Amino acid sequence: MTAALLFWLAGSGLIGLAVYGLIVNPHPLCKLLALNLLGSGVFLLFGVIARRGAAAGLGGDPVPQALVITGIVVAFSATAIAVGLLLRLHGEAGVASIDEEDDAP
Amino acid sequence: METGFDLALTLLLLGVGGWSILARNMMTAVIIFIAYGLLLSLAWVRIFAIDVSLTEAAIGSGATGMLMVIAAHKVGADARRVVHPSRAIHVLAGIVAALVAVGIAALAFVLPGEPQSLAGPVMERLGDSGLGNPVAGVLFVYRAFDTLLEKVVLLLALIGVWSLARDEDWGGIPGFRLFRHHNSVLTLLARSLPPIGFVFAIYMTWAGADVPGGAFQGGTVLAAMWILVMVAGVRKVPRVSSPLLRLAIVAGPVVFLAIGFFGFVMPGEFLAYPQGYAKPLIVVMEIALTLSIGVILGLLIAGPPKGEDAA
Amino acid sequence: MPLEALPVTDSTAGGALLVLAIVMPAVALVALLGLGGRGARTIVAAALLVQLLVAARVALLVAGTQAPLVYVVGGFHPPLGITLRADGISALMMVVSAVILAAAAAFAWKDFAQPRGKPEARLSLIFWSALLAMTSALNLLFTSTDLFNLYVGLELLTFAAIPVVAIKGGAETVRAALRYLLFAVFGSMLYLLGIVLIYGAYGTLATAEIAAHVTPNAATLAAAGFVTVGLLAKTALFPFHLWLPPAHAGAPAAGSAVLSALVVKGSLFLLMRLWFDTFPTLRAPDDMQLLALLGALAVIIGSITALRQQRLKLLVAYSTVAQIGYMFFVFTLVPTDAGDVIAGTAWTGAWLQVVAHAFAKAGMFLAAGLVAEILGHDRIRELGGLSAKAPLVVLAFAISGLSLMGLPPSGGFSAKFMLLVAALAEGHWLWAIVIIAGGVLAGAYVFGVLSRMMAAPAAGVELATVGRGRQLIALGLALVALLMGLLPLSPIAFLTIGRLP
Amino acid sequence: MTDFFTIIAVSAGAVLFLAGTLGLLRFPDTLTRLHALTKVDNLGLGLVVLGLMPQLGWLSAAKLLAVWLLVQLSGAIVTQILGRSVSGGEESR
Chain E
204 MTAALLFWLA GSGLIGLAVY GLIVNPHPLC KLLALNLLGS GVFLLFGVIA
254 RRGAAAGLGG DPVPQALVIT GIVVAFSATA IAVGLLLRLH GEAGVASIDE
304 EDDAP
Chain R
2 METGFDLALT LLLLGVGGWS ILARNMMTAV IIFIAYGLLL SLAWVRIFAI
52 DVSLTEAAIG SGATGMLMVI AAHKVGADAR RVVHPSRAIH VLAGIVAALV
102 AVGIAALAFV LPGEPQSLAG PVMERLGDSG LGNPVAGVLF VYRAFDTLLE
152 KVVLLLALIG VWSLARDEDW GGIPGFRLFR HHNSVLTLLA RSLPPIGFVF
202 AIYMTWAGAD VPGGAFQGGT VLAAMWILVM VAGVRKVPRV SSPLLRLAIV
252 AGPVVFLAIG FFGFVMPGEF LAYPQGYAKP LIVVMEIALT LSIGVILGLL
302 IAGPPKGEDA A
Chain Y
9 MPLEALPVTD STAGGALLVL AIVMPAVALV ALLGLGGRGA RTIVAAALLV
59 QLLVAARVAL LVAGTQAPLV YVVGGFHPPL GITLRADGIS ALMMVVSAVI
109 LAAAAAFAWK DFAQPRGKPE ARLSLIFWSA LLAMTSALNL LFTSTDLFNL
159 YVGLELLTFA AIPVVAIKGG AETVRAALRY LLFAVFGSML YLLGIVLIYG
209 AYGTLATAEI AAHVTPNAAT LAAAGFVTVG LLAKTALFPF HLWLPPAHAG
259 APAAGSAVLS ALVVKGSLFL LMRLWFDTFP TLRAPDDMQL LALLGALAVI
309 IGSITALRQQ RLKLLVAYST VAQIGYMFFV FTLVPTDAGD VIAGTAWTGA
359 WLQVVAHAFA KAGMFLAAGL VAEILGHDRI RELGGLSAKA PLVVLAFAIS
409 GLSLMGLPPS GGFSAKFMLL VAALAEGHWL WAIVIIAGGV LAGAYVFGVL
459 SRMMAAPAAG VELATVGRGR QLIALGLALV ALLMGLLPLS PIAFLTIGRL
509 P
Chain W
538 MTDFFTIIAV SAGAVLFLAG TLGLLRFPDT LTRLHALTKV DNLGLGLVVL
588 GLMPQLGWLS AAKLLAVWLL VQLSGAIVTQ ILGRSVSGGE ESR
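From first to last, the protein sequence lines are chains E, R, Y and W.
Counting in my numbering, the first sequence runs from 204 upward without gaps.
Counting in my numbering, the second sequence runs from 2 upward without gaps.
Counting in my numbering, the third sequence runs from 9 upward without gaps.
Counting in my numbering, the fourth sequence runs from 538 upward without gaps.
Calculated from the structure, these hints are not laboratory results.
None of the values given here were measured: they were computed from a predicted structure.
For each residue, glycine too, the CB sits at the ideal point set by N, CA and C.
One or more of the hints may lead you astray.
[Claimed, not checked] To give an idea of the interface, some chain Y residues facing chain R are shown, with a C-beta separation under 7 angstroms as derived from the structure:
#1 Leu88
#2 Val222
#3 Ala226
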């Protein structure tokens, strides 16, 4: 089960890297990339849980594996909407930035 | 030997993942992210999740990567124009990130020693459905409700992207044309590859009932073929209001819902399959879903409809 | 070691209604997309009517049998399958959301019409699709008992809310929508991380099974923490509130109404469900004090920021930030050994606050939308002349404001009074002071706006006329919040039907 | 005997991949990098596929061969497009 432990560490490290990226990268596209990295780290942890549950002649528990597939699709949907918003914002404002701006006239 | 490989893969994943976070140039970051996705799908193979590996390669790396390349191409230069945080914030972020990573890593050692698993119960009743792939069993039999709702999520993502069209452009042609590329070699590829891709997509869907694969992986291949054809300009891009396009979008969800409701009639539960008909119904459903997923993915990547004459 | 199995719960009579509540809006959504704008509003009207009937039937059945409705989807019992279950609070929220969605749809009826004889309009398709998806997602969140299924529901709700925020276009709203989305995705990833840990520890995602076996070990506590922070980000509790005001203020009025009244309650409902029904034994008083503290800060900071706003819609949105704060007192005021009168009072008070705020805020946002339409802007300094031109709008705003302030008789008063009684009875002086202070601050911003509305119009200002029907809808919602004040100030038994003891 | 063949062929393929990657990293401009990458990697993949084929049944072997052919096709075309866009060829913009 060393593979499982190693990939658990990989998943944890990826989540940490994503958190770092979310904090220090101000551009929304960078944040989106970091969120995707965060998601992939979480999915990988779920995969390790599945691997730990190998039984009944299977290499892994199929339930978490199936859930990860659904999760990947949902994450992709979020990315698609975010990229759409990003490009529209770039078109409207000339620069895609989500920094606080004074809304008051 | 195998541990060495896993260790190398772990380090590579962390290194490449970190690189994509730290890269100064946005296009570089995105391209590294795609490579990261491919490495990740290798890791999924190593933990015996072939279905996930295929999905990660197709959606997580491929389709997501394509979206991000488009975004980086358009807004890549913005990075220099936004305010970057100070050095102190970087140090603080590093500390927070390290704490999070170590904390989650430590949880590996406090999870209950005896692993929990539903593998047994899944296999026990998988025979009833006639499916051979337990992951397909979870997705289309036990938790079909999740999968049905996930299709609604996908439709909504399309609504979300389309909502960003300008009113005057509505009903027009999705933005494929913006990256149209006239090139004789590309045209050759766009004429020769799609038949192979189409057969392959159907095969992946069909085989998904018994071995790794399924509607999503097949749908992604279909989407790739469609995008290729559109970008090469071999076929006309349909308008978003085209009835045929709309039919393709809703075909999968309609079949899924219809089969779900038929469950009320026979055998009496929503999303239950009549005895002995589970596998044929699921295959029919998956083929319809492959078409819809392919079209929706293609449209999501193409972006909202653009004006008639903006070339 | 596999967990010992719980006794199997089968579908109850009428359980199929729960599936219908979730799936029928999806059917309507597919029809809307497939038919390309033909008969869009007819489809929506039919779907929302069905929704009202289904929700009413569910509530009557729950009240009649004094037991929850259950539906085992596909006949596959947990842990393999997904079970839907409607107890008292689910039924209540289903009815509330069906009513408010229907009212919002009626309000938006003309604005989002499909122009006759023209090709499908963007506004119409997008708005109605999003509204239908919201209906489906809310019902899913109110009834599902599977943590991953609930994750899909959360995402569905977010993806339905984003187009409503962004529908007007323009840099401001698109930026607000993007921020909202990034926050929401971050929140769902944390939620998912929590679920991963829970599955690792218990091998199931069914809330009842988890509740039966939950132990306060490190993995479970970490999971509960991740899930909570994720949901707080989606609920916009302080300090995660910054995305909310521009997003809610940027949407069209009917959209703002459902976003503020219902969408933030989706993740809040889940949070309450988890802490009270899924891991009740993990509720350490100190941790819960932290949630209450964040709630208190939300009340104070949200209200003060609302006071300083110069635009009406932003003021109303900041008021949402503050009003959400009150709901978090429930986490400390209902002690672990629930069942006594005080706990029942706090529990009822919290749900009254959820419902009264839903109606009052929906009414207020619709009124604010009408104000913007009449004046052509929503600058608070220049609201003069409204009371003469559109007294019904001002009345709707005032009555909604009454409930937000917590003045009697109103649902907001009953809610805050019951929370206050519970706080005093349990010796939580600080929270009692915050509850009162929040009311005073709400009074300040509501009366500030009202006095401007009563002022004489500035010279040369042209006021547009708005239809009486829409004014009555805003007023109707506000009146519901007002009439809730007639409920007796004692625990309501319906809210405890089907809850674990 | 087949094992021996597999080891030799796959190792040779791996060495070629290594060389191609080195070329990608070390060569000065896009055209020379493409030159290094395509030629060597196509051959490298071919050797790996060739080495693995005797280990498998005919159906799997055919699938491997199909993978190689598809990579040939797409690689050739992508290289073409990249090359043209770099050298400012006939149809690129």
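Hints versus structure:
no.: 1; hint: Leu88; verdict: 4 angstroms, holds
no.: 2; hint: Val222; verdict: 12 angstroms, violated
no.: 3; hint: Ala226; verdict: 4 angstroms, holds
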